[in-house]
Amino acid sequence: MSPIFVKNPITLKRLRRFREIRRAYISFLILCLLYLGSLGAELICNSIPLYVRYNGASYFPVIRFYPDDTFTGSGKNTRPDYHQINRSPEFAENSDNYMLFPMISHGPYESVDPTSIIASDEVTLTLKATPRVGTANIDPDFIIVSAARFGAFLGLNGEEVNGRHLSDSTQLSRELQQAVERRFQNRAAPVFSQEAVTRTGMRVRISLSAYAERSRSPRTVRLTFRELTPDNENRVVRFSRESVSPGRPEIPDDPFWRDVSDRQQEAIFAHVRRRFDGPVDDMTIVLGDVVYNAVFSKEDVRFPYPPVKGHLLGIDGAGRDVAARILYGLRTSMTFGLLLVFCSMSFGILAGALQGYYGGILDISAQRLIEIWSALPFLYIMILMGSVYGRSFSLLLFCYGIFNWIGISYYIRAEFLRLRKQPFVEAAKCMGISSFKIIFTHILPNGITPVITFFPFSLVGAIGSLAALDYLGFGLPPPTPSWGELLYQAQQYRWAWWLILYPSLALFIVMLLGVFVGEGIRNAFDPKRYTRLEG
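All you need for our numbering is the position in the sequence shown, starting with 1, plus 7.
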């Protein structure tokens, strides 16, 4: 931007208007700071230290490459593993030797060592009460004709329940009696369900299935009783390795544990010991008249892994730090968006300027060719080019750029068609000024408004498009850090909430800031600043 353009009174007025729009101005500053921070991502997030002090000498690995032999004497000229070297005796036992790592000491391509993650070394035993279910076939007098596992609802253990009245189990409500009678009358009835309390104090749900009319009335009707297990019936016990040692296991201090037999205790301890080394199957435990399903769980280190100390945004499916991927992905997205918008707008300005200035056959012919070109399917071309030449940043930028310029060319063409007959243009032609200078020195500065106002919105669209293409698998090649690639992992690991939350939040914030900036620029360029619609 030339000094003359900056000192233009209209330009200065628009800049003042933009600064007065606080939301847009602050969003612009935040967006600039985020991008500048991403450009220096190696100083914020890197597995290579910023400074190393070793045997009285200073090293700057983030600026200069040092082979592994420099710090280990191994004779290898390969890239050193600074984290492993930092844990070696030369650094761990000698305070004069140390490394200064960035704030996040993991790079976007580095897989985290699972042994470096401190996970809970406890096995959790969860005893989930299994609800009892029984069925009873009754006759029109509510006498039980046949039953299955129904003794518990009558308070009978192994005794015959046939011939007993259903009211011996629970008090029969009027609604239940009407539902049963309707079925014996061979009348259609919907599903019936009702909570009740048995004579023994057990909370149950009584159910009747839907009934359709038959050729004759049924002889019996089946009712299903399902126990409603309260949440406090579930028990949770935690074991450490020492508490289940084969010699003297520690008995948990819980009253319900007294009902566990010695044989069941030994089986539980054996399962817990095996769970420390790997997964085990669930087991069934009977305590009194309650049947429990015993589930043995342990926090295993597997990727993706939730946020933990040293990895505040979690770890992705390949063991890479999510915070590092998001930061480097910001640089990739912003750089791609800026390059794409700059290239596409430059070409769109050139095409629109030539069409609008010369008009005539050139304008009509170019418009027809642009319409044909815009009808080509971008995604298919992207897939075809990627399969032939392979996925890359430059190919993606090229394929997207050859289509993205069309929109801005329409606006520039319209501005040039409006301005080419203005007196200042006619005066410039009469003075013998070349067409090139008239286009880019006289007309373009007066028709640049669409370019400036659409720039932030085009940038937001480019960032969103890159994320969408990466999500679909047609974007940047792996392992390039990308927000869309993290969102694709979130689809694979739907339980990994951090893979959907943090990349989506980063994408939302950047796009929201871009929209705020675009609205501020549009309002700053609006000549009717204080207009409003009145009914």
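Worth flagging that the hints you see were computed from the coordinates, not collected in a lab. Keep in mind that this is a model prediction, so the values were computed, not measured. Mixed in with the good hints, there may be bad ones.
Said to hold, decoys possible - Keeping only pairs whose Cα atoms sit at most 30 Å apart, straight-line, the calculated DSSO-like set for lysine-lysine is:
{"hint": "1", "residue 1": "Lys20", "residue 2": "Lys305"}
{"hint": "2", "residue 1": "Lys20", "residue 2": "Lys135"}
{"hint": "3", "residue 1": "Lys428", "residue 2": "Lys444"}
{"hint": "4", "residue 1": "Lys316", "residue 2": "Lys305"}
{"hint": "5", "residue 1": "Lys20", "residue 2": "Lys316"}
Evaluated hints:
{"no.": "1", "hint": "Lys20 to Lys305", "in the structure": "violated (64 Å)"}
{"no.": "2", "hint": "Lys20 to Lys135", "in the structure": "violated (71 Å)"}
{"no.": "3", "hint": "Lys428 to Lys444", "in the structure": "holds (16 Å)"}
{"no.": "4", "hint": "Lys316 to Lys305", "in the structure": "holds (18 Å)"}
{"no.": "5", "hint": "Lys20 to Lys316", "in the structure": "violated (50 Å)"}
In summary, the structure is inconsistent with hints 1, 2 and 5 from the numbered list given earlier, while agreeing with the others.
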